[in-house]
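> Here are the chains, one letter per residue:
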Amino acid sequence: MPAANVAAQVRTSLATLKASDLQDAQIMEVLKLAHQLTDTMKLFFSSLDQSICQEFNYIAEYISRTRDEIAALRPNDIKKERIPTAGAELEAVVTDTEKATEVIMSAAESVLCDEETDYDTYRANVEAKMMEIIESCSFQDLAGQRVSKVVGSLRHVEDRVARFAEVMGVRDADGGPQEETAEEKRNREQLLNGPAIGGPETSQDDIDAMFADAGGDAALDQGSIDSLFD
Amino acid sequence: MAVEMTMPILVVDDYKTMIRIIRNLLKQIGFENVDDAADGQEAFEKMQKNKYGLVISDWNMEPMTGYELLQKVRADEGLKSTPFIMVTAESKTENVVAAKKAGVNNYIVKPFNAGTLKSKMSAVLGEF
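Those protein sequence lines, which keep their order, are chains G and A.
Heads up: the first sequence at position 31 corresponds to 31 in my numbering, and the numbers run straight through without jumps.
Residues are numbered in my numbering as their position in the second sequence, beginning at 1, plus a constant of 1000.
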């Protein structure tokens, strides 16, 4: 039962008691005091109920808005369609690339190993293998299209997550660095950085210079290492 | 001392295509006695059974990386003098420095060609 109703019920009971023609002045005083207390309680609980009600309304509205924004993210579409499709496209790129590489390398090896002595036959063999190589290079067009689709899916997810974060006022959690996973630890310890974007980060010429500076295969001392970073 | 063109060379890479490319480049240079391994662990086991005149290794492999292989080889009394060339897409200066400190003889960054491979092999083994 809401607190305001309880106060009203107590108030009614007091009124009934008061109307029952009590003669004792002290009891009447107590009843009067109790009546005042009940009024105060009613006022207090009414304001309390109203404040809680407003709070609950705000929370309900927030939950509803969050649900709408999550729905706008279309998480099921991302989970069931876009991400699996992107994964399948990338796997297809790997497979297509492997197949094309196999054909190209086999053709090149065949030419390198061709011991045909008749010029016309040798030329025909070489031309046939060159055509195989040229045909196989069409994988680049397909791979490009597949990768473009994956990039599109990533942009779609990025846009929706960014909008969600903006609308909901989401901020990145702070409070120190995140715990390192076992894979991250291994990558850090083994210096597994992967290929750099846009070509090698350190060119072959610079690497050669580092080895030349160190003097053949001699161990690189700390001074030499430090000089690499000057 | 003249380089023995029939010396066995161990190529370590987890991509069969890359092993095939390096095999072809080595053949073009004149080395045909080539063995291969798919990661550092397999390479180390092969090195304990066979003697190789040169190891050409990738860096990024599972379960044992080329960097770990290099460290294990240099810590092994019987293998520590084996010439070791790293051929990798890891091109950060910290990688080159770490490999050098671990005792690598030369370092080739991918992609590369037969000329680069030959010049680094010559720098390590001597002219051939």
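Possibly wrong hints are sitting among the right ones.
To be verified - Residues from chain A shown here face chain G by an in silico Cβ test under 10 Å; the list is partial:
| id | residue |
| --- | --- |
| 1 | Val1003 |
| 2 | Phe1044 |
| 3 | Lys1046 |
| 4 | Thr1065 |
| 5 | Asn1095 |
| 6 | Ala1099 |
| 7 | Lys1118 |
| 8 | Ser1122 |
| 9 | Glu1127 |
What the hints assert, rightly or not - Calculated cross-link-like contacts (lysine-lysine; reagent style DSBU-like; alpha-carbon spacing at most 35 Å):
| id | chain 1 | residue 1 | chain 2 | residue 2 |
| --- | --- | --- | --- | --- |
| 10 | A | Lys1101 | G | Lys99 |
| 11 | A | Lys1046 | G | Lys79 |
| 12 | G | Lys185 | A | Lys1110 |
| 13 | G | Lys80 | A | Lys1016 |
| 14 | G | Lys185 | A | Lys1027 |
| 15 | G | Lys18 | A | Lys1110 |
| 16 | A | Lys1118 | G | Lys149 |
| 17 | G | Lys149 | A | Lys1080 |
| 18 | G | Lys129 | A | Lys1110 |
| 19 | A | Lys1016 | G | Lys99 |
Hints are computed from structural coordinates only; laboratory data are not their basis.
Note that beta-carbon positions come from the ideal geometry of N, C-alpha and C, so glycine has one too.
> Determine for every hint whether it applies to the structure shown.
Status of each hint after checking the structure:
no., hint, result
1, Val1003, "violated (15 Å)"
2, Phe1044, "violated (15 Å)"
3, Lys1046, "violated (21 Å)"
4, Thr1065, "holds (5 Å)"
5, Asn1095, "holds (5 Å)"
6, Ala1099, "holds (9 Å)"
7, Lys1118, "violated (13 Å)"
8, Ser1122, "violated (12 Å)"
9, Glu1127, "violated (14 Å)"
10, A:Lys1101 to G:Lys99, "violated (39 Å)"
11, A:Lys1046 to G:Lys79, "violated (44 Å)"
12, G:Lys185 to A:Lys1110, "holds (25 Å)"
13, G:Lys80 to A:Lys1016, "holds (33 Å)"
14, G:Lys185 to A:Lys1027, "violated (39 Å)"
15, G:Lys18 to A:Lys1110, "violated (99 Å)"
16, A:Lys1118 to G:Lys149, "violated (40 Å)"
17, G:Lys149 to A:Lys1080, "violated (49 Å)"
18, G:Lys129 to A:Lys1110, "holds (26 Å)"
19, A:Lys1016 to G:Lys99, "holds (12 Å)"
Of the hints listed earlier, those the structure fails to meet are numbers 1, 2, 3, 7, 8, 9, 10, 11, 14, 15, 16, 17, in rising order.
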